[in-house]
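Engineer: Protein sequences appear in the order of chains A and B. Take the first sequence: its letters are residues 1 to 347, numbered as in my numbering. Take the second sequence: its letters are residues 1 to 347, numbered as in my numbering.
Read the hints as simulated data drawn from the structure, not as lab findings. Some clues are possibly wrong.
Which copy is meant is left open, because identical chains are indistinguishable; a pair holds if it fits in one copy or across any two.
What the hints assert, rightly or not - Think about it this way: if two alpha-carbon atoms lie no more than 25 Å apart in a straight line, the pair counts; the simulated SDA-like pairs of lysine to any residue are:
hint : residue 1 : residue 2
1    : Lys172    : Arg344
2    : Lys57     : Pro148
3    : Lys172    : Glu330
4    : Lys57     : Arg123
5    : Lys172    : Leu227
6    : Lys172    : Arg321
7    : Lys57     : Gly133
8    : Lys57     : Ala132
There are 2 protein chains.
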Amino acid sequence: MSRSSTSRSAEGRRRPPTIHDVAREAGVSRGTVSRVLNGGHYVSPAAQDAVNAAIRKTGYVVNRHARSLITGRSDSVAFLLTEPQERFFEDPNFNVLLRGCTQALADRDIPLLLMIAGTADERRRNLRYIEAGHVDGVLLVSSHSGDPVVTQLRRAGVPLVACGKPLGQTAKVGYVAADDRDGAREMVRYLYASGRRRIATVTGPPDTPGGVERLAGYRETLAECGLPADESLIVPGDYSRASGEAAAGLLLERAPDVDAVFVASDLMAQGVLDTLARAGRRVPEDVAVGGFDDSPAAVASRPPLTTIRQPWDRISAEMVRMLLARIGGEEAAGVILPTELVRRESA
Amino acid sequence: MSRSSTSRSAEGRRRPPTIHDVAREAGVSRGTVSRVLNGGHYVSPAAQDAVNAAIRKTGYVVNRHARSLITGRSDSVAFLLTEPQERFFEDPNFNVLLRGCTQALADRDIPLLLMIAGTADERRRNLRYIEAGHVDGVLLVSSHSGDPVVTQLRRAGVPLVACGKPLGQTAKVGYVAADDRDGAREMVRYLYASGRRRIATVTGPPDTPGGVERLAGYRETLAECGLPADESLIVPGDYSRASGEAAAGLLLERAPDVDAVFVASDLMAQGVLDTLARAGRRVPEDVAVGGFDDSPAAVASRPPLTTIRQPWDRISAEMVRMLLARIGGEEAAGVILPTELVRRESA
DNA sequence: TTCTCTACTGTGAACGCTCACAGAAGCATG
DNA sequence: CATGCTTCTGTGAGCGTTCACAGTAGAGAA
Chain A
1 MSRSSTSRSA EGRRRPPTIH DVAREAGVSR GTVSRVLNGG HYVSPAAQDA VNAAIRKTGY
61 VVNRHARSLI TGRSDSVAFL LTEPQERFFE DPNFNVLLRG CTQALADRDI PLLLMIAGTA
121 DERRRNLRYI EAGHVDGVLL VSSHSGDPVV TQLRRAGVPL VACGKPLGQT AKVGYVAADD
181 RDGAREMVRY LYASGRRRIA TVTGPPDTPG GVERLAGYRE TLAECGLPAD ESLIVPGDYS
241 RASGEAAAGL LLERAPDVDA VFVASDLMAQ GVLDTLARAG RRVPEDVAVG GFDDSPAAVA
301 SRPPLTTIRQ PWDRISAEMV RMLLARIGGE EAAGVILPTE LVRRESA
Chain B
1 MSRSSTSRSA EGRRRPPTIH DVAREAGVSR GTVSRVLNGG HYVSPAAQDA VNAAIRKTGY
61 VVNRHARSLI TGRSDSVAFL LTEPQERFFE DPNFNVLLRG CTQALADRDI PLLLMIAGTA
121 DERRRNLRYI EAGHVDGVLL VSSHSGDPVV TQLRRAGVPL VACGKPLGQT AKVGYVAADD
181 RDGAREMVRY LYASGRRRIA TVTGPPDTPG GVERLAGYRE TLAECGLPAD ESLIVPGDYS
241 RASGEAAAGL LLERAPDVDA VFVASDLMAQ GVLDTLARAG RRVPEDVAVG GFDDSPAAVA
301 SRPPLTTIRQ PWDRISAEMV RMLLARIGGE EAAGVILPTE LVRRESA
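Let's have the full structure, built from the sequences with the hints guiding it.
Structural biologist: Here's what the structure looks like:
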């Protein structure tokens, strides 16, 4: 009555081989095959070889559903993107990050589930999915602080690693971030060293780590260099190109004698360049412009942007490493990675 | 010996409720709960309500591993990206596509697994994963033709929907594409209608659908309009900005009297604009420039680019719809969606 | 010899679900 | 009153794996 060994239906996919087929082929029991599959401890070399040969011969691939059912692990992780919907997708940094994480996970044979939770409804749905244990951990990319997702996932006990230092409760939340403050310091120091004395800044939103830390670095360095703290030189932005344009306009009005601008993102810096060009200021002769991110836009802009490189490849690799460690039971920790000044023509 | 009902460990996650817990809570059997979960056929209204209440009360979420183990379906699909590694991630079109697919799938509560197969090794690994039945279908984004992945997935009988018409064997492969040829036609017609008579083109690679079809549309329209077919007006590109710059340089050399260029991608069009600006040609007064894609770059470029909009939102929605239909047993089909001319300042 | 220890192997029993089937109840038809 | 149909419900089996446990064989020690 039951189907014959290695049966296949006439049309369609053949029934994939099970651990049982492999065991029969190798002349051992299911248990031994399972042991080979899971590290090969307490397996004789002969059995080991027989099983491996049988796996090759049958084309066996483990059924992850069956495995997950019993182990309680899913061997997959979520890449969860919350908040500002399409914003992230336009951000070149995000691409690099997603790509890096996918790669790092693939190396460990772990699939990545991409989740986008723009609306509250999507957030609820994704949260339910995650809390149901369908993934072992979450890589969280959330721009703004006070994200309710963080709190909920923490409460549910789901291993979590965030990109960028969460501004609120950081306990029990692992994170990997670039050294925003030090990057800002380096840029402002560089502008100062090249002779600039009226150094302005265009900031990011005050509820993002980058908005806070880069501004802090700017302030510290001015003080270090003995320059006066002039609030009219500090203009807020929201990371968008348009806000960079507007900020530069405001700046030229308030402080026409400005000779350098440290802009908290490359995208905004492009807007600043546009406004400066329209106002007839030459870059870098009249005004030096420094960006942040080293996005592709930095190379494409005219003139090419001197900027601070964020080590996205290292960030993604570290996020994955940390998440897997957390899944393995390790405690939460924070890692801050160094940035690097990239000199181009704008400063 | 066994754990008490709804047991929870002191620390860590509590044991999630099973279908059994729900059944007990609702005073019905597992079977009835299962029926409610799967459409509610042959369930009395009273039982229906009791089960739904019990689900809410217990916070039950179906264990997809257990379900998949028996149904043989995984209720997840792969988004498979093959070939040119980071190229795609720099392409804004790709972002929109990925986002659209994630969204469309999320609406149906189906997770998307992101797979990147740049190297042959990654291709092999991902293929093994897919063929093992870990996903129900594949959304394939592959730029170049003759992709071995297509053949292998077809042979394995995995439901497959490609983005863009596969140039090779199209039988049994579903695809969704923009109407490249008609888009090109519309642009060239528009250039002609605005009085241009020396209309050049910068093409995409000849092994991509966009490279072939957009060129064909260009040729057809010139003939229609009674303009001579002048091969010196056709310059090859590879979709990159740099290749656009180079192509425009070559073009100005070969045909200095050119008064319009239809460029097969916005990115290349930006390169063309750069070269034209350096050569002192005004756009659109001296030379009109038309792009293709309507990427964010089209708005950002100076002057803003007249271009052909690809309906990425509809493409992604249709890809998902078609894939699910194929998983449901429907035959492969091809869908071609209309493009749209977007008038800005460059033409 | 006998015992213990180690290295290895096989065997049920789960994991949480769906599916097929059997059966019960209600109602109309012969 | 039996028969059939429809609607609904519960039950046992089994999906493919891992895990705990029981067992075997061989080596070395007493």
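Engineer: Out of the numbered hints, which ones does the structure contradict?
Structural biologist: Per hint list: 1, 5 violated.
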